[in-house]
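Asker: Each chain, written out:
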Amino acid sequence: MTPALRLDGLSKTFPVGKKLIGAARGHVRAVRPVTLDVAEGETLGIVGESGCGKTTLARLLVGLEPPSAGRVEIGGKALDNADPAAFGRLIQYVFQDPISSLNPRKSIRSILEVPLKRLHGMDADERADRIREILASVNLREEFLDRFPHEFSGGQAQRIGIARALAANARILVLDEPVSALDVSVQAQVLNLLAALKRKFGLTYLFISHDLAVVEAVSDRVAVMYFGAVVEVGRAETIFAAPRHPYTKLLADSAPVVGRPLTAPEGKDTELPDPLNPPPGCPFAPRCPKATNICRAEDPALEKMGDDQFAACHHPLDAET
Amino acid sequence: MGGYILKRLVSAVPVLLGITVIVFLIMALIPGDPATAILGSYATPENVEKINRDLGLDKPAVARYFIWLGNMLTGDFGRSFSLNRPVLDEVLERFGATLVLAGTSFVICSVLGIVAGAVSAARQYGLADKAITFAVLIGISIPSFFLGMMMILAFAVERRWFPVSGMYAIYGGGDLPDLARHLAMPAVALAVVATGVIARLARSAMLEVLRLDFIRTARAKGVPERRVIWHHALKAAMVSIIPVLGIQAGFVLSGAVYIEIVFQWPGIGRMLVTAILQRDILLVQGGVVFVAACYVLFNIAVDVVQSLLDPRIKT
Amino acid sequence: MTRFLWLLARNQLALMGGIVLVLVVLVCVLVPVLPLRPPDVTNTADRFLAPFSDGHLLGTDHLGRDLLSRLLWGTRLSLAVGFVAAIAAATLGSAIGIVAGYFGGRTDNIIMRGVDMLMAFPYILLALAIVAALGPGLLNALIAVAAVNIPFFARNIRGITVGIAHKEFVDAARLAGKGHLAILTTEILPNVIPVIVIAMSTTIGWMILETAGLSFLGLGSQPPQADLGSMLGEARAALITNPHTSVVPGVMIFVIVISINLLGDGVRDALDPRLRSGALSRPRPATNVRRESVPQGPGEGVLDIRELETQFHVGKRIYRAVNRVSLTIAPGECLGLIGESGSGKSVTALSVMGLVASPPGVITGGAAFHEGRDLIGAPYRDLRRLRGDRVAYIFQDPLSTLHPLIRVGEQLAEAIRVHHKVPRAELRRRAVELLGAVRIPNAESRVDSYPHEMSGGMRQRVAIAMALANEPEVIIADEPTTALDVTVQAQVLSLLDDLRRERGVAILFITHDFGVVAQMCDRVAVMYGGRIVEEAATADILNAPAHPYTKRLMDCVPELGGGRRKLDAIPGLPPAVDKLPPGCAFAPRCDKVREACRAAPVAMTRAGGRAVRCLYPETDIAKDPA
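Protein chains in written order, with the working numbering: chain A, 1 to 321; chain B, 1 to 315; chain C, 1 to 626.
Treat the hints as calculated values from the structure; they're not laboratory data.
Glycine residues also receive a C-beta, built at the ideal position from the N, C-alpha and C atoms.
Hints are not guaranteed to be accurate.
Estimated spans, in silico, between C-beta atoms of each pair [claimed, not checked]:
hint	chain 1	residue 1	chain 2	residue 2	range
1	A	Phe148	B	Asp213	26 to 34 Å
2	A	Ser107	C	Glu292	38 to 46 Å
3	A	Ala86	C	Asp555	54 to 62 Å
4	A	Phe148	C	Pro571	43 to 51 Å
5	C	Tyr616	A	Leu276	53 to 61 Å
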């Protein structure tokens, strides 16, 4: 079966300190080669802490940044790296900050019309029908159409953002922290809406978040990112319960959980390595309790460990823990 | 620190070259024949040719530029035909006078502007704030040359507190008190606009900073309000004030042209205006390049001060 | 647009400037049909007539020309030239700025280097050079003034455009299929235009001054043509003998420029959303207090907040952020205050020491007792002495809450120095000691670091050290770990927990995270719509929440280890605190709501250690053994 979405060695390197003429002073590898398959109708969660490259990965996926290497395939076809519009019909993006993702000087109607006009060339009547349909599916009233973004609460604005993504009629949505700017009581509304839309339209989701519990609650599979690379992939119900990579375990142990006593899960340096000057070997080695010489010399590749679980680690944890 | 200064100096080289190119290009636009302008319409062809050769006008533009640049680098800015003396000598002499005037003004407007702005912000909507805002509005709306003229009427003609014009008294002057008496009115007239601009900016920069979280932290620590304003807030506000001081220095230097004319100050601005009206191109070129170069260096100094204040800059 | 005009008209100074300007422009337009003497006809017999002389209302100049006529013709010319120069500079400069800012990268680099080059000249040198090349004349002066102002617009607008081009809605437009041109004209431009208008309205007066200046120098309009600058320039020779010839054009320039500036400021204020909402007000050193009734002391525990009411007065609206909140913290206790954004939890915390930004904040009732005295009514001097000494704060975002230009050691030392006289060397030693206490490695060298040189977790440790500096009885921690990554959060929380147990300091811990509360706090109070709706020991609330809001809020939050599931959402939105319903604030969203809930405010029911503000609680707190 062809996966709905395939990332093949996708990576992104940003030059740093570039001058008008001449070469850059250094390079930051924001995303190190990532290879992942996402099945039709699946929700793949991506978790990681700030600076791990998850947002850059998302921007690569929808064509907002051209990758430095590798490619994105949708339904078995590679996409033109340089054209966001080519991506737009197939894969859409829902932004983290619902307010700043809506142009403050445009009415909701004109925001929703753009993808219909530009990507699908619909005429005015078709657009009006389609907009009504989409609005109903995200539970917004039609009278909102002539209002402006500042008149909406965060939750409503995020529904509009989702509506815009739906309007493009793409089968795959990249959701970049779609609920982290929202209040908890509203978060659940939006998460449930996303689940309902997925069922209704048979969508495929990439759900990016720093919140482990949210990712676990909405995903089929989860990929854990650290320092620009995927360090572990596995089924949502098992990956945090039985992590193979020590970093996944650290994340899971750090999340505040009711009923678990407060302990600092690691006593060591908590800082990410300097991205301009990355250490050789596994980037997690300086923080890792199990690190040995090989970890400091050689960056491990993602390897299959057990059913459906992959981890990039020289000394993976036992499956039982 | 030394490394940073060196880096900034090196980065100024292309800017300085750019300045010479711009000046050269603008001057190359000049219509008509400089030789005719110099010699008048009765010039003989031989004389015109000689002048053209002297000015290098018989060569292609690129070659002329490099000859001109090379000469300037060796300190030869050419000869002013209207004054019949080397351009550099005249420029240096006149620039000294301008520096005294503009420098004094710059100090006045920086200190007064920042203090007024900070007081205004600290007493927002209070009496002091309103008075300062009103004074600033007047200050930035009045043309400096008109203000200078009115000051002459009020303080040199009506009440003979200050001399009408000039830099030194013609007889028996030349000492520092004499200079100060001559300097007072033009320096103040020149400083007024810039003071207003700086005060406005300082006020809004302070208001901006006073809302920030670290001000709340300082208050939560129990730092006395006076120290919150004059230490915490002003220090942070200076980061956005200092670059504007650099820009305002350019405005003060520019305003000096008018003030020098009004007060007959023997500065470089007056020299330039006269040179333009007499079409003394070499003098204009030399003066413009020299002053612009000094301004570039001054702005490097501003950047260095900024980097001393803000540790986040040093890279 | 109508809102803009209304705001503009409300600003009296701007209105005044606008009226004067309109009058001047009107007269200028009418000049050709007014019964004026010809402006350029000389009559040496009538030289230097004084104002109000026969037939010459403003007198005559050195060539006997009618000053009134010359003034009006000159004003007409000066205004026209000034406006044209401003529009030309604004259009060209903004176009350059938008292109550079939107495309960024090399395009931006090359354009901005050119702009920098032009800005490397004191502007008049460039203007003089241009006039020198083109020759004196009004049109050339116009070109020179416009040209020297282009870089200012370009740089200003580029900065704004860069900010907008990185906004997410621009990315969204690209994904919706818009090309560069469409994005520039329909997404970016509408957001930049207000800034261009502001920049233009604040510089147009300046440009009129500049063109007048060039004419004054004799480089602008040429005789006999009059503009305001050249009139002033010609009059200068007779300044002392016949000042009126100078005063007349000079005052005119002043009037025009000041009215443009007034109007320009008005335009800026009306267009700038931050100024519009009054956000640029300077917060006072302590929150305003206007209490009608004051609860009597001395209060219990180490901090006793009673019936606290804090409001925000914005225009005619009153936001009741904190609505009669009472909380008591026992010595050494950690009390959690949990709620969503807008529930009033942070405002409660900030009110205690008068740190709510004021304006617009006002404390309208209640008290906060510390050692028998009321902090709310305390004069600033006393309040300041207690701040950071007896009651200390830790705030949310450690990057913005530390002063960026002061070394952390100095900031620590200052916290001590403003309360205690300690010699300098001793201060440094104490700072190092404090950094060590919050487990910062290499405290000895870290003490000289600036905040930006540290990671988020390290900075928050510094903030904790600062709060501990004077060994306070209470620390108020306002979402201290919300901005941190989860692995760092775990460390900071366990550090805070260890320190409070070691030092016996009480903590008021504000958060929105039940997981954090469960791990940190002895007791919890839940806030909703500015009120405490439930209060109990942590375990009781987590095991058997009594208020429907608490229960449903906990159900909303997924917990790690629960696997994939549907979450229970609460329908609707949190209440707006300027439009609170008369009854229970949660009633519109509550599935157990009945008539009584909506009718009148619900009182707090207390039983044992528990309290709940609900008529139909989920758990009977009186029966439930607390």
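Asker: Are there hints from earlier that the structure breaks, and if so, what are their numbers?
Answerer: 3 and 4
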